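Take each chain as given, in its own frame, and dock them per the hints.
Each chain, written out:
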Amino acid sequence: MRELNTTQPEMVEKERLAREAEIARDMQQSLLPHGSVAAGSFVLVGDHRAAAEVGGDYYDIFPLEDGRIGFAIADVSGRGLGGCLVMSMLSVLLRALRFAYHTPTLLLVALEENLRPTLPRGAFVMMLYGVLDPTTGRVTFACAGHTPVLVYRAASRSVEWRYGRAVPIGAVGGDALARMLCDETIDLEPGDLMVNFTDGYNETMREGMGDQLGLPRMGEIVTRHAPSGPRAVIDALAAAMRDGSQSDVPLDDETLLIVGYTGPAIVLRTGSVAGSDAVARAETAAPLVVLAAARRAGAPLTLAADLAQLVEIRGWIAACADLRDLDARSARLLESALYEVSANVVEHGYRDRAGATFDLWWAPGRTASEPPTDPAAAARERVRTGCFVVQDRGVPFQPPHQSFLDFADPRVRRRGRGIGLHMVRRILDSIHYHPGTAEGNLTLMVFDPDRAGQT
Amino acid sequence: MSEELTFEELSGGGNVDVIRVHGRLDTRMSPLLMERCIPARDGGRNLILNLRAVSFLSSSGIGSLLVLTEEFRERGITLSLAETSPTVQEAIELMNLQTFLVLYGTEDEAVREQAA
Chain D
1 MRELNTTQPE MVEKERLARE AEIARDMQQS LLPHGSVAAG SFVLVGDHRA
51 AAEVGGDYYD IFPLEDGRIG FAIADVSGRG LGGCLVMSML SVLLRALRFA
101 YHTPTLLLVA LEENLRPTLP RGAFVMMLYG VLDPTTGRVT FACAGHTPVL
151 VYRAASRSVE WRYGRAVPIG AVGGDALARM LCDETIDLEP GDLMVNFTDG
201 YNETMREGMG DQLGLPRMGE IVTRHAPSGP RAVIDALAAA MRDGSQSDVP
251 LDDETLLIVG YTGPAIVLRT GSVAGSDAVA RAETAAPLVV LAAARRAGAP
301 LTLAADLAQL VEIRGWIAAC ADLRDLDARS ARLLESALYE VSANVVEHGY
351 RDRAGATFDL WWAPGRTASE PPTDPAAAAR ERVRTGCFVV QDRGVPFQPP
401 HQSFLDFADP RVRRRGRGIG LHMVRRILDS IHYHPGTAEG NLTLMVFDPD
451 RAGQT
Chain H
456 MSEELTFEEL SGGGNVDVIR VHGRLDTRMS PLLMERCIPA RDGGRNLILN
506 LRAVSFLSSS GIGSLLVLTE EFRERGITLS LAETSPTVQE AIELMNLQTF
556 LVLYGTEDEA VREQAA
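Quick mapping for you: the protein sequence lines, in order, are chains D and H. Sequence positions in the first sequence follow my numbering and run 1 to 455. Sequence positions in the second sequence follow my numbering and run 456 to 571.
Next up, chain H with everything else stripped away, as it sits in the complex (with noise of 0.2 Å):
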């Protein structure tokens, strides 16, 4: 997996948009991530987040997931996280933030869901 994060932006159709992240989401790369969900905030649609990809997650990186679903969720849409690799998934159970995050185990259920 590459070292730089980069991202994959897709339509999910209807209010929903997909961002497939590649990377390391680490103290260096969150900023990104925090703009690149900007427009779908600002712009009232649900984003999912695909993290298969994701190589490394640091505490900043799970800041930005935290602050991201919070803000979504005052605004009345979601922020939901699929398919979150095994890094991602060890931090998230390491915290005990399951209850605090929207997590679906693929991208399509995900889609499936937040369209609806």
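Here chain D stands alone, though its shape is the one from the complex (with noise of 0.2 Å):
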């Protein structure tokens, strides 16, 4: 009985400790955006991982005036319920100031002002705020106390390391982040990665190796990633902190957040059906809206980076319901046509990497109100309308200059090689590559059987 009396508070103590933490998790969860914001040839990818004494990682990205995309990541000092609330404050008064004042700095020394009063005794935010223009691909930022930035540079194949030299916010008296705030500017090119992350990413020690990441060590992951787009090197460098590690809930919150230069889309063949719904919406939609549409609709394969594996493809069309009465000449070009892209990717994209997976969607378009009533008639009007889609996250594939091979030069003859691409031209309306997207790469094709093989 006495030992009951002596447990009942503490288990009454551990409950409210247990609720407390679910509660933290809720609001920390609550005030983070969910999926990636595109904007022009833009993209902005975030990803937290929370760990199980919620910590004070917060992240968030937000239109700003002119089609400028504001963005921010924090670590609020404090774990549990504390840190939640000054983290729920500082998203509150971002959101509430960011038209207000026009340059990072600004932003961040206003939001120290409105914050101090409230921060608990030694509590501080250390934290990154910047400012994307799509139109110019600058990003102007202001770094108080946060960890350096990295900047991956794909022309080099090269990472850059940026070191803000404020103080955190709060952490100093007086008008110290004022004096030592200043704005710096990174200008993006194509292919270019922002990435920016919590300490919890470089400073915690790894589970079960017994080491941290370290700066270097990110860098190398990057370097080796961000050919594939921001989405694998969040994917990379999170396998890299449970490497060696029983237990998938970090030690620390891992917070990061990454700025892209996707770059424009590469034109492969345009579509020559002029007012075609499909063709249109495989030029003019931005790849990851085809994507979710595939997704939500489509049916997919799943494809090991395995040549042998490719003979699926052919099973997949004969299953797919759209697909399944096309006639046999147009079964067997939009075989071909899909067997060399995915080809491609095997081969190319995923040579070294033994293991690795990547999907062939198809993705309805608008069904005609009248179907014909043959069905093969009715399965060539459903698959000029939709589009495929193959997402990838190998090494993005570099096309080659010409156009079309010349047969009647015998040094292509003799040399037989470059085929795949001259084939998939002659056979598809129309192809659009998208490499290093949020969600990896991404080929959006249109197959026209009326027009295979035509000029």
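I should point out that these hints are in silico values taken from the structure, not numbers from a laboratory. Nothing here was measured: the structure is a model prediction, and the numbers come from that model. Honestly, I wouldn't trust all of these hints.
Facing chain H, a subset of chain D residues (Cβ under 8 Å, in silico) [claimed, not checked]:
#1 A308
#2 V311
#3 F407
#4 R414
#5 R417
#6 G420
#7 H422
#8 I427
#9 G453
Quick reminder that beta carbons are idealized off the backbone N, C-alpha and C, glycines included.
And the structure:
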């Protein structure tokens, strides 16, 4: 009885703490944006992995005036509900003040002025705030005691580090922050990434490894995976943190916010059917929108990055309700085109990555109100209004400059290579390649059986 | 039709060899075809590939056929394609390769002409 009396208050306290941790975790999650934000040729992708004991990591992405995009990443000192309350105030203040201050420095100084009266003693906020102008590719940012910024340069396949010199928000009294803080700029070129992260990534001791991931190793990982886009970088860094660990739950909050210049689509073949909905969609729609539509309503085929697996494409076409009634010639041509694109991914994108997979999607388009009664004709109608998508996370493909091969040249016949792209250009009506999107490399293709083989 | 690539090798009589190709002539399998054709090429013999049972032809397969055709031609001998399956015929027509390949409707016809 005595034992029960002494343990009951402990149990109550334990339950209270668990409940508090749950509230803090819910609060933290509710403040973070979901998904990625696309702006012209740029994409902003965030990722947050919460520790068991909730930390104070936070990030946000939001539109500003004139099409610019504001983004922030912060690490609030302290854990649990206290840290979350500060984070909550920070979030509200940031969104309230974002239009009132025209430079990142002024905004961070204003944030400190507004936060300081309510910050608990000893609490501070390490924060970076940036503004992307998608029309120029320039990022203007200010860094208040936050971890350094990693910039991946696609042209040189190298990384640069940008260190801030200012103190964290609320760490030092007076106007120290205003005196130390200044705006800096990064001009992003196609393929470049600006990688922002909290110290959960570079300073936490990795469970089972007994070391920190550290900045040099982060740079190596980003350099290796940046060609596959921001999402591949996020996955690779998260995997490196878990390497050797038995648990998926981090020891400290891990937060990443990446700004990527994905570059314009590479047009491998322009659609020849004026007014075709499918071609217009593949040519003008944001690739992530098409991918999302494919996920909602399409038919997927996940393929191992192994040439032997590509025989499955034939069975997939035959099993797909929208495609299975295609006449034999159309089905064979479609298989050839999808095989060539997939073989390119396997051979060039994934050559050193055994065990990798990629996805092939059929995304249906708008169906006619009165489809043909003949099943084959109806299938041809359906296939020309939809879109095929190959999604891979391999090394992006570098298309050759020449458009079509000239087989009258004996050197071309003697070489016998580079025919795959020529072949898919002859079969497909439109091919748009989007390397390094937030969802990896996306190839959007439209197939019109009646126009296959026509130049 | 089989998904693997198999070969049936026959003598066409005289200076002619025949190889009947079965299965997928894709990126993975094309090097096997190249290997099978080397003895005839290096032995200075005309070769007929019967492609009636080829169920798939990738760009690598087409590249192999073009390279072999040129290599045979450079040695003063001929690589011919006979009884092309629908998928092979479509690939050849798709890329307008008819004039650069030696094509026959039947194996017998190819043997008669090449042995002459």
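Verification of the hints:
Annotation: A308/D was flagged as interfacial toward chain H, and the flag holds, the nearest CB pair being 6 Å apart, inside 8 Å. Nearest Cβ of chain H to the Cβ of V311/D: about 5 Å, under the 8 Å cut. The hint holds. This hint holds: F407/D has a C-beta 6 Å from the nearest C-beta of chain H, less than the 8 Å allowed. At its closest, the beta carbon of R414/D sits 5 Å from a beta carbon of chain H; the interface hint therefore holds under the 8 Å criterion.
For R417/D, the interface hint holds, the least distance from its beta-carbon to any beta-carbon of chain H being 6 Å, beneath 8 Å. Look at G420/D: its Cβ gets to within about 4 Å of chain H, closer than 8 Å, so that hint holds up. Below 8 Å, beta-carbon pairs count as interface contacts, and H422/D has one with chain H at about 7 Å; its hint therefore holds. Evaluation of the I427/D hint against chain H yields a held restraint, the C-beta minimum of about 7 Å falling below 8 Å.
Interface hint at G453/D: satisfied, since its Cβ lies 5 Å from the closest Cβ of chain H, which is below the 8 Å cut-off.
The structure agrees with every numbered hint stated previously.
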